[in-house]
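Respectively, the protein sequence lines represent chains Y and F. This note's numbering puts the first residue of the first sequence at 1, with every later residue one more than the last. This note's numbering puts the first residue of the second sequence at 237, with every later residue one more than the last.
Bear in mind the hints are in silico, worked out from the structure with no lab data behind them. Cβ atoms here follow ideal geometry from the backbone N, Cα and C, with glycine treated the same way. Among these hints, one or two may not hold up.
Derived lysine-lysine pairs resembling BS3-like cross-links, with alpha carbons at most 30 angstroms apart [claimed, not checked]:
(1) Y/Lys45 with F/Lys738
(2) F/Lys560 with F/Lys393
(3) F/Lys579 with Y/Lys35
(4) F/Lys731 with Y/Lys3
(5) Y/Lys111 with F/Lys393
(6) Y/Lys117 with F/Lys560
(7) F/Lys736 with Y/Lys9
(8) Y/Lys35 with Y/Lys47
(9) Y/Lys166 with F/Lys393
(10) Y/Lys117 with F/Lys268
(11) F/Lys560 with Y/Lys3
(12) Y/Lys111 with F/Lys687
(13) F/Lys705 with Y/Lys3
(14) Y/Lys47 with F/Lys687
(15) F/Lys560 with Y/Lys45
(16) F/Lys738 with Y/Lys9
(17) Y/Lys216 with F/Lys736
Partner residues are not named here, just some residues of chain Y that face chain F (Cβ under 7 angstroms, in silico) [as the list claims (entries may be wrong)]:
(18) Leu44
(19) Glu130
(20) Ser134
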Amino acid sequence: MSKRTVQFKIYRYDPDRDEKPYMQDISVDLEPSDKKLLDALVRLKVKDDSTSFRRSCREGVCGSDAMNINGKNGLACLTDVDSLPQPIVLRPLPGLPVIRDLIVDMTQFFKQYNSIKPYLVNDNPPPERERLQSPEEREELNGLYECILCACCSTSCPSFWWNPDKFVGPAGLLAAYRFIADTRDEATNERLDNLEDPYRLFRCHTIMNCVDVCPKSLNPTRAIGKIKDMMVRRAV
Amino acid sequence: MKIAKHTYDAVIVGAGGAGLRAALQLSESGLKTAVLTKVFPTRSHTVAAQGGVAASLGNSTEDNWHWHMYDTVKGSDWLGDQDAIEFMCRKANEVVVELEHYGMPFDRLDNGKIYQRPFGGHSQNYGQSPVSRSCAAADRTGHAMLHALYQRNVRAKTQFFVEWMALDLIRDADGDVVGVTAMEMETGEVSIFHAKAVIFATGGAGRIYYSSTNAFINTGDGVGMAARAGVPLEDMEFWQFHPTGVAGAGVLITEGVRGEGGILRNAAGERFMERYAPNLKDLASRDVVSRSMVTEINEGRGCGPDKDHVLLDITHLSPETIMKRLPGIREISIQFAGIDPIKAPIPVVPTCHYQMGGIPTNYKGQVVAPKGDNSNTPVTGFYAAGECACASVHGANRLGTNSLLDLLVFGKSAGETVVEDIQSGNLRLKPLPDNAADFSLARMARLENQKDGTNVHEVRLAMQRTMQKHAGVFRFSELLQQGVTAILEVAEQAKTTEIKDKSMVWNTARMEALELDNLIEVAKATMISAEARKESRGAHVRDDAPDTPEFPNGRRDDEWLKHTLWYSEGNRLDYKPVNLQPMSESVDPIALATRTY
């Protein structure tokens, strides 16, 4: 097999050392087993141990290695390195404060997630065994519960960029609908009240960047639409 | 150097399934609790569990906890402690139902109950026929569970220290645990967490092997910290090689695939498991299936141009079943094997997956170590649960779905014990020793000032290759002996690791060097314990302990029906008896027998 070399252009910023961020041009030779962008980044880190990024499961389920790859948000571990035009331009997720290199401060993102009360609310004393739910009722949660909180969606959303403190964002709203859609949850009205606000829900202008970038092929826009429908129906 | 000090009733290290489950007990009891985690909680490796969690709910086939207990004892090759196993199997329904009440999105049967599927080594009526015991959320059970537990902790207002890496355990002159040191990733600063109780829930160390299903973060941090602090490690020779890692990539393909009807085939297309396990076939326990696969490959019946893997075939299942029950597996196969399992079989190979051994505990989650005549004396203030702990319920081989059960049962149990011990006044805040942080600071200073040192990546690679070659699926006396020498050499190199990046901010080079210190402890424990155990049992099968009429499967109950204890200092080995007595007098012990499937 011929030697594969990858050219990177990587956003670098270490507040301990750099006065301001810069784009680093660097290349790395890959081994035949290096298939994903994350493999290439790990290889690069061997060459320059100061290259900083988060990573864990390397199989698209922990949500650690979200970044902006050639202008589009995605997970490094699910992106085929050979499919990317070079130089591969890597930037941190847009719209969140950068801590260092590709590592962003996700406080605001999780604050919005927490704000929708992301847990089942049911104040009835639980039965001795499981609460019952039909397969059809359970199916309503498909496409909702699989979110990995990688933030690819919210950080690709212009409404979230403008109002990260006021707009819940696609990830948080997907989670809100996950509980609204759950037949075991009894807080639908409170959940709708919580979102009835010019910003929290209604800043979604169905730009659909969230759907375009979701590495788990989820559809936050559809979930947001369903919440909006429920708001309208509740009003009449 | 002035060091920040935080004081809590209890500190939990790790926010995977076990840590989050323990945290719920503490937060809901009102104790002042800190949960330290080096990754955001939902990034913990519990998230990657796929096939299910065991509980004898009996929703689709008749079941009871006695059968589950029997399967678990037999699966452990009788090395598991029967009191802890009874405790776990009896508690299973309670903790799984609780999780459902928390909101976990289990799949459902037509009658609305939790969906259950068959899994390896789980049977009805003491080994007679497969049972549907694995409670599943498609093939994303771990993800659904970890998120449900995290969400419940949001509700309970648990206090997390996210992206803080624990460095070392603090013990006082009595040997009691009084806290931990930890580094905040964002600032690089070291702090002391002073507490009445410390619970370790730090997960496994599968990254000691070159080929592993485990996440990058699975570096045995708690196990390493315990070893450095003088706590012995139990049964570290027992590592589970999962039969179905994607060949080349190592990514896990759940046993649930075989639970749904998947079949392993060799190059001739033969369903070879029929020869090795006539009764449970592809659903025999994991050690048995992995060895059968390696035997097929070693005897030339492997698949592919290099005949180095076998095939996992689900092409006979309906696309609807695959899309409904195994959607994540389909994604993984397309991503990492480049094939769609609806159309073609998945290339798989046994891959390091789970650490059966760990920090010795009892079923209450208390860490125990020999003291005087008692080999199970609790270490005051120290608790552990989940993969980092050894209760011991998995013994020499863990059954699939028992790991998620383990972390629920023992996470809860450790939490309950801490609450009891603190509320009863048994545990109080003991003063910190004067030198509480010195050891951690010395480690950091050594790393900071190291010149002409070794390279972290190279040392780690040398360790991983050594473990892979010398302590794999099959073990050889000669290779183990050479392995001990080799791993001790690697451990020497690890003492002088050098990093180029000296930044204080989110320094991942430093983090990896500190993680390597933990991995090395685990690797030494594994190799030395394995070399010493001169029998075959469960996942530890060696060439010089073959299957004979006198000693079926090479198991030597006359000499080796005992737990290994490895001490880091001097690489000393000790042993303690296996508890063959169940917890309750009314429960009969599962008598020793030859293990066949």
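Violations among the numbered hints:
Hints 2, 4, 11, 12, 15, 17 and 18 not satisfied by this model.
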